[in-house]
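There are 2 protein chains.
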Amino acid sequence: MPARLATSLETAAPPPAPDFSEAVVRLRGLLADDLDAVNAEILARMESPVRLIPDIAGHLVNAGGKRIRPMLTLAAARAFDYDGDHHIKLAAAVELIHGATLLHDDVVDGSSLRRGARTANVIWGNKESVLVGDYVFSGAFELMVAAGDLRVLQVLSRASGVIAEGEVLQLTTQKNVETTFDTYIDVVEAKTAALFAGAAHAGAIIAGAKPRAEQALRDYGRYFGVAYQLIDDALDYAGFDGDLGKNVGDDFREGKMTLPVVYAVARARAEEKPFWRRVIAEGRQTDADFEQAVTLMTRDNAIADTAACARQYAERALNELDKAPDGAFTDALANLVTTSLSRIA
Amino acid sequence: MPARLATSLETAAPPPAPDFSEAVVRLRGLLADDLDAVNAEILARMESPVRLIPDIAGHLVNAGGKRIRPMLTLAAARAFDYDGDHHIKLAAAVELIHGATLLHDDVVDGSSLRRGARTANVIWGNKESVLVGDYVFSGAFELMVAAGDLRVLQVLSRASGVIAEGEVLQLTTQKNVETTFDTYIDVVEAKTAALFAGAAHAGAIIAGAKPRAEQALRDYGRYFGVAYQLIDDALDYAGFDGDLGKNVGDDFREGKMTLPVVYAVARARAEEKPFWRRVIAEGRQTDADFEQAVTLMTRDNAIADTAACARQYAERALNELDKAPDGAFTDALANLVTTSLSRIA
Numbered sequence: 001m002p003a004r005l006a007t008s009l010e011t012a013a014p015p016p017a018p019d020f021s022e023a024v025v026r027l028r029g030l031l032a033d034d035l036d037a038v039n040a041e042i043l044a045r046m047e048s049p050v051r052l053i054p055d056i057a058g059h060l061v062n063a064g065g066k067r068i069r070p071m072l073t074l075a076a077a078r079a080f081d082y083d084g085d086h087h088i089k090l091a092a093a094v095e096l097i098h099g100a101t102l103l104h105d106d107v108v109d110g111s112s113l114r115r116g117a118r119t120a121n122v123i124w125g126n127k128e129s130v131l132v133g134d135y136v137f138s139g140a141f142e143l144m145v146a147a148g149d150l151r152v153l154q155v156l157s158r159a160s161g162v163i164a165e166g167e168v169l170q171l172t173t174q175k176n177v178e179t180t181f182d183t184y185i186d187v188v189e190a191k192t193a194a195l196f197a198g199a200a201h202a203g204a205i206i207a208g209a210k211p212r213a214e215q216a217l218r219d220y221g222r223y224f225g226v227a228y229q230l231i232d233d234a235l236d237y238a239g240f241d242g243d244l245g246k247n248v249g250d251d252f253r254e255g256k257m258t259l260p261v262v263y264a265v266a267r268a269r270a271e272e273k274p275f276w277r278r279v280i281a282e283g284r285q286t287d288a289d290f291e292q293a294v295t296l297m298t299r300d301n302a303i304a305d306t307a308a309c310a311r312q313y314a315e316r317a318l319n320e321l322d323k324a325p326d327g328a329f330t331d332a333l334a335n336l337v338t339t340s341l342s343r344i345a
Numbered sequence: 001m002p003a004r005l006a007t008s009l010e011t012a013a014p015p016p017a018p019d020f021s022e023a024v025v026r027l028r029g030l031l032a033d034d035l036d037a038v039n040a041e042i043l044a045r046m047e048s049p050v051r052l053i054p055d056i057a058g059h060l061v062n063a064g065g066k067r068i069r070p071m072l073t074l075a076a077a078r079a080f081d082y083d084g085d086h087h088i089k090l091a092a093a094v095e096l097i098h099g100a101t102l103l104h105d106d107v108v109d110g111s112s113l114r115r116g117a118r119t120a121n122v123i124w125g126n127k128e129s130v131l132v133g134d135y136v137f138s139g140a141f142e143l144m145v146a147a148g149d150l151r152v153l154q155v156l157s158r159a160s161g162v163i164a165e166g167e168v169l170q171l172t173t174q175k176n177v178e179t180t181f182d183t184y185i186d187v188v189e190a191k192t193a194a195l196f197a198g199a200a201h202a203g204a205i206i207a208g209a210k211p212r213a214e215q216a217l218r219d220y221g222r223y224f225g226v227a228y229q230l231i232d233d234a235l236d237y238a239g240f241d242g243d244l245g246k247n248v249g250d251d252f253r254e255g256k257m258t259l260p261v262v263y264a265v266a267r268a269r270a271e272e273k274p275f276w277r278r279v280i281a282e283g284r285q286t287d288a289d290f291e292q293a294v295t296l297m298t299r300d301n302a303i304a305d306t307a308a309c310a311r312q313y314a315e316r317a318l319n320e321l322d323k324a325p326d327g328a329f330t331d332a333l334a335n336l337v338t339t340s341l342s343r344i345a
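If you read the protein sequences in the order shown, they are chains Z and X. According to this note's numbering, the residues represented by the first sequence are 1 to 345, in order. According to this note's numbering, the residues represented by the second sequence are 1 to 345, in order.
Be careful, since some hints might not be right.
Stated by the list, open to error - Taking lysine-lysine pairs in the DSSO-like style, the calculated list, with each CA pair at most 30 Å apart, reads: (1) X:Lys175 / Z:Lys127; (2) Z:Lys66 / X:Lys127; (3) X:Lys127 / Z:Lys127; (4) Z:Lys127 / Z:Lys66; (5) X:Lys127 / Z:Lys273; (6) X:Lys323 / Z:Lys127; (7) Z:Lys175 / X:Lys127; (8) X:Lys256 / X:Lys175; (9) Z:Lys256 / X:Lys256; (10) X:Lys273 / Z:Lys127.
To be clear, the hints were calculated from the coordinates, so they are not data collected in a lab.
Sequences are here, hints too, so could you generate the full structure?
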């Protein structure tokens, strides 16, 4: 982190953004033209005479996602002075992979709210979300293929496989109070970090980055992805609905074994174990249980230690950026990471 | 067809197989080593420490599918004397795309029986089938990427998109008694013929076929795919459970607007229209309704004309093969088509 700050000063960049939303807005400003092109590419790819497809895809695209993943691709490419246009297709592909997994996740989790809006499965139905998700996923592959780089195709198709594997693993850990720290980190590495890594890596590859820098971008994405997910997990117990764009306590109600729960269960006193078994393993919850869970987590530092773990991953992400070229885009990538921690500060 | 038969005689090929199962067995014999390699490739790709993945994938792979689609890829490549090994990966990819769509289709349709075995959604659950389907789909893309041919990637990623679009279109026609012949053919072209076409096309491309022959293989696959689906549709009203590997009447009970129903509704007398509205549009059926539907279809030649339509597509498929090289593999591809019609003879 100190190395990053020094770099920022040397290149006379503006001071770091104060919080995550601001960092996202700044990066969006740096990438404004690229992001417009990405949106146009996504909408063009989701055109279809079968009305349900543009309807659901449009809902997904317009639902106010922060576009973190495609920005990683765009910023990574720009950090290496890429001046072609394949990064647009790849960024669009990355966002579509993400969108397809959201459509399927919401069906699998039975979620009704995402980014503050009703989910597609609630508006159109589960069947529709599954099949349109498949279409969106195929569209992502068509875009990658159109970008025409076999190494990028390798990286992103592998990322897709890892994401799906992580989702299945998560399903098997759900309601399982024995889930360990290591297993949970495996889930996060797969379901979140793999696409962050693939997104940044794809940008570096398409820009012709040298192996060491290319791998640094991949690892930056990976570590940032883990940090980002852990912060999200902590916010489910410590945040506000508005902040999160979903309902606080959603993970709890679904019996998800996220890191705060893993810590809380491991540190629970003998007489508290039945509480966790009932609310997580058996899924029998009353209205007061969420508050009780937060109380126990606070006493045992489960949320604070989740945040501390996120901080460690964030530091690793920043260290990787020391191997990337100096400049405004690298600074913006660093700023995303440092400010993401402020969400639970 | 006469041209095909003449070719068979000139090259001293064995006489055409008497029926479809026999034609499949013969082609399987010609491709035995290749098919073993395809199976090994599929199983390797579906390995995962997340047990549910090899469990569900193994169930899918071992459930006795006929392997028509991968055989199209293999036979098309061999017809052009291909002697590399990329056709193995591509054939495996084609079978995995098919497998992924089956997993998702069975969730969407709520099916409980496929190829005479219980479906994955019944054994493991809907969530599991959706997520493992995504994993299988990603695996298909990884295999295609490993084959390393961008044109094949274009063809097969487009096919995947078209399949998903067709599935969504089919969902919107379900229970809609106004569905026309043209719309229904659009559904079949997308959900079935696109992968048959892509499978044969991919084999021809990887083997370096000239443009005219390459496109002939694509169109052969396309026309055969439509014929194959129409025969399947007819069998749902005229077949036996054992033949079909699923339950006779399944399409009817799900309110699917297949071609026999499209014809039957169009030809129904005024006083019979409420019957079709009730059983298809409203989905209110009694045990006697399926028999009544078959009676009306028989009177109005709805099943016979579906078979006739299949025959027309089969002839087009055979005509395309006149542009392919003479030889045992081309003969076997022709034989698949001619004998497929025998299923409803």
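Hints and how they fare:
1. X:Lys175 / Z:Lys127: 15 Å, holds
2. Z:Lys66 / X:Lys127: 27 Å, holds
3. X:Lys127 / Z:Lys127: Status holds; Cα separation ~12 Å.
4. Z:Lys127 / Z:Lys66: Distance of about 26 Å is within 30 Å: holds.
5. X:Lys127 / Z:Lys273: The given pair, whose Cα atoms are some 28 Å apart, holds under the 30 Å limit.
6. X:Lys323 / Z:Lys127: 41 Å, violated
7. Z:Lys175 / X:Lys127: Given pair Lys175 (chain Z), Lys127 (chain X) holds - Cα atoms ~15 Å apart, limit 30 Å.
8. X:Lys256 / X:Lys175: 6 Å, holds
9. Z:Lys256 / X:Lys256: 37 Å, violated
10. X:Lys273 / Z:Lys127: The hint holds at about 28 Å.
In terms of the numbered hints stated before, the structure departs from hints 6, 9, listed from lowest to highest.
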